[in-house]
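> What follows is each chain in one-letter form.
Protein chains: 2
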Amino acid sequence: MSGLKQQLSLRVENDLNDIEAALHENLNPHVELVRDVAGHLIFSGGKRIRPLLNLLCARLCGYTDDFIKKFSTIIEFLHTATLLHDDVVDEAALRRGKPVAHSIWGAPVTVLVGDFLLARALNIAAETGNPRIIQIISEITESMCQGEILQLIKKGDVNLSEADYMDVIRRKTGFLIQGACQTGAILAGAPEDVEARLARYGHHIGMVFQIADDLLDYTADTRTLGKTIGADLKEGKLTLPVIHTLEKAGTWDRSWLAELIARKEFSADEFGAVLRLMHEAGAIDYCRGIAENHVREAKKIIASFPPSQTTETLALIADYTLNRKA
Amino acid sequence: MSGLKQQLSLRVENDLNDIEAALHENLNPHVELVRDVAGHLIFSGGKRIRPLLNLLCARLCGYTDDFIKKFSTIIEFLHTATLLHDDVVDEAALRRGKPVAHSIWGAPVTVLVGDFLLARALNIAAETGNPRIIQIISEITESMCQGEILQLIKKGDVNLSEADYMDVIRRKTGFLIQGACQTGAILAGAPEDVEARLARYGHHIGMVFQIADDLLDYTADTRTLGKTIGADLKEGKLTLPVIHTLEKAGTWDRSWLAELIARKEFSADEFGAVLRLMHEAGAIDYCRGIAENHVREAKKIIASFPPSQTTETLALIADYTLNRKA
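Those protein sequences? They're chains A and B, same order as listed. Residues -1 to 324 (our numbering) are what the first sequence spells out, left to right. Residues -1 to 324 (our numbering) are what the second sequence spells out, left to right.
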């Protein structure tokens, strides 16, 4: 699948360089420490999927103005703000293979820099002069926080249903990626139905993105992933592979797994046993199947636009989102 | 001075009731826990100075629409968001005489509910349909975070100058109160010079507010204040009374005070000795003098408007801000 990554990289190289430059230009803090803390995470090799989608969707709708580079940072700053706060909330140790910000600068500074980035995102959104953009961005933020809170409340709850899970990931991940696509269309002045179609495309990409992310916690290796494998389970964060396994497992296995989740600690051997249970339940294939449906829907929407370089790239992104290794 | 409070209360009772109702109506979370956590702080007897100033400044500029009630919640939600995060950052125990949110619900939920309120504030700001309002609100937020970060960096630094202190409080407190007044004027469609004058009024009120707050930490009693006396000093937070005392104290006293600040722990007797040093340095009078100047400037600005019930109230607020007991 690295062929897919390479194919995509070549297509979006210039756009990614533009986004990178815009992120540097628009961070713009008054306090130097803010640049260090925010920069530590922002410039640590993020995939830039969100600003890229924003830019591509705007382009698909005929937007040609250079401002889009700046506006695409709205989504990435907002995303980074939530990552900073999430890492504090989750007491994570690694992110993208690096120690998380709060382990270097402490939770207080990290929380405040997260707030700064959130405000920075909304300040740039205000520069669009378009209240709808701002409304969408602030609604996304409201939803994301509540998605995270829901996830927090439900930690360790072995009765979490697939529907609950879908609600959480739609809020915490789906809305932002949907918003990236939708605001791209709005900035380009696209007609309502086009805006709605691209929002829908973003929704599907967002769902794939999070399901793939949650799968990686059981299928990747720590080095490639840049964070500790099995971290979700250790935190009591029940994602789709575990939810499906709990649903399909026999009484005995289910009790064993529930007990392991409750104690939040397990050996490598025990984690191996979890993976075997998942395999028996067909959980990985089940999750992939759901994600593949979303990929299919996303590509169907893109196919409804006149074919262009941009539609090809947006279709490739759908494939890449599912098949990435980290 | 309770006469002043009573005089003010009678004048603004209806407005405060309107603000209270609007805060209940517009909190509007999807997740019930958010209402509990946010409500714990929002409905714990805040003074509502900020939304009140917003409403009064709009009225002074001829605004009559009922929407102002809703818009005044922008400032209070934003304020509450920063309080939630500040209490996490400062590891405070009490706020308004109640245990702080994070001691009940934990820091993670508190951080996320703070984010929700920040987003809620900006969402309502977007409803004004006025990008300038949103820009001001997001710039205020950027400044506040950076003010808090500056304060954090400077904790325990006995070389903090009066100018540094003024910069910190302008950012962390002044800008929001200034913004409350300025956005009131903008919502009313006031001409630029009126907007600038009311922003200036707000700036002075903000400075008085924070200097008075910092004084209370050395002059009030714990029960009236609703938080622990001497808490600032225990945190290593150097405010104007201490900065001035350090400046005026002799070499020996200065070293003693610096050592006490460095160790962040002290007995009631030692705190008594700090208060005596402050008294000798004339620090309390010095701070009051600076605050009184700001009160005078604020009232001068209000006196430049045609006299009305509203100008009288705004002048009273200037006095009250300095002379409140908590």
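Because the hints were derived from the structure by calculation, they are not lab data. Where hints are given, some of them may not hold.
Treat identical chains as interchangeable: a pair holds within one or across any two.
Calculated cross-link-like contacts (lysine to any residue; reagent style SDA-like; alpha-carbon spacing at most 25 Å) [to be verified]:
| no. | residue 1 | residue 2 |
| --- | --- | --- |
| 1 | Lys297 | Glu11 |
| 2 | Lys232 | His28 |
| 3 | Lys96 | Arg198 |
| 4 | Lys152 | Pro27 |
| 5 | Lys152 | His28 |
| 6 | Lys246 | Tyr61 |
| 7 | Lys235 | Gln133 |
| 8 | Lys323 | Gly287 |
| 9 | Lys68 | Pro106 |
| 10 | Lys232 | Gln133 |
| 11 | Lys153 | Asn15 |
| 12 | Lys235 | Gly104 |
| 13 | Lys232 | Glu290 |
| 14 | Lys3 | Ala91 |
| 15 | Lys323 | Ser306 |
| 16 | Lys232 | Gly104 |
| 17 | Lys68 | Glu160 |
| 18 | Lys153 | Pro27 |
| 19 | Lys3 | Thr249 |
> Each hint: holds or not?
Cross-check of the supplied hints:
1. Lys297 to Glu11: For Lys297 and Glu11, the Cα distance is within 25 Å only inside one copy (22 Å; across copies 58 Å).
2. Lys232 to His28: This pair counts as neither: shortest intra-copy Cα distance 38 Å, inter-copy 28 Å.
3. Lys96 to Arg198: Classified as neither; 33 Å inside a copy, 45 Å across copies.
4. Lys152 to Pro27: between (36 Å within a copy, 17 Å between copies)
5. Lys152 to His28: between (38 Å within a copy, 15 Å between copies)
6. Lys246 to Tyr61: neither (48 Å within a copy, 62 Å between copies)
7. Lys235 to Gln133: neither (30 Å within a copy, 37 Å between copies)
8. Lys323 to Gly287: within (17 Å within a copy, 64 Å between copies)
9. Lys68 to Pro106: For Lys68 and Pro106, the Cα distance exceeds 25 Å both inside one copy (29 Å) and across copies (31 Å).
10. Lys232 to Gln133: Intra 36 Å, inter 41 Å, cutoff 25 Å: neither.
11. Lys153 to Asn15: Answer is neither: 39 Å inside a copy and 39 Å across each miss the 25 Å cutoff.
12. Lys235 to Gly104: Classified as both: same-chain Cα gap 23 Å, cross-chain 17 Å, threshold 25 Å.
13. Lys232 to Glu290: Classified as neither: same-chain Cα gap 27 Å, cross-chain 56 Å, threshold 25 Å.
14. Lys3 to Ala91: neither (27 Å within a copy, 50 Å between copies)
15. Lys323 to Ser306: neither (27 Å within a copy, 68 Å between copies)
16. Lys232 to Gly104: Answer is both; intra-copy 22 Å and inter-copy 19 Å each pass.
17. Lys68 to Glu160: Neither. Shortest intra-copy (38 Å) and inter-copy (38 Å) distances fail the 25 Å Cα cut-off.
18. Lys153 to Pro27: between (35 Å within a copy, 20 Å between copies)
19. Lys3 to Thr249: Neither. Shortest intra-copy (42 Å) and inter-copy (66 Å) distances fail the 25 Å Cα cut-off.
Comparing the model with each numbered hint stated earlier shows that hints 2, 3, 6, 7, 9, 10, 11, 13, 14, 15, 17 and 19 do not hold.
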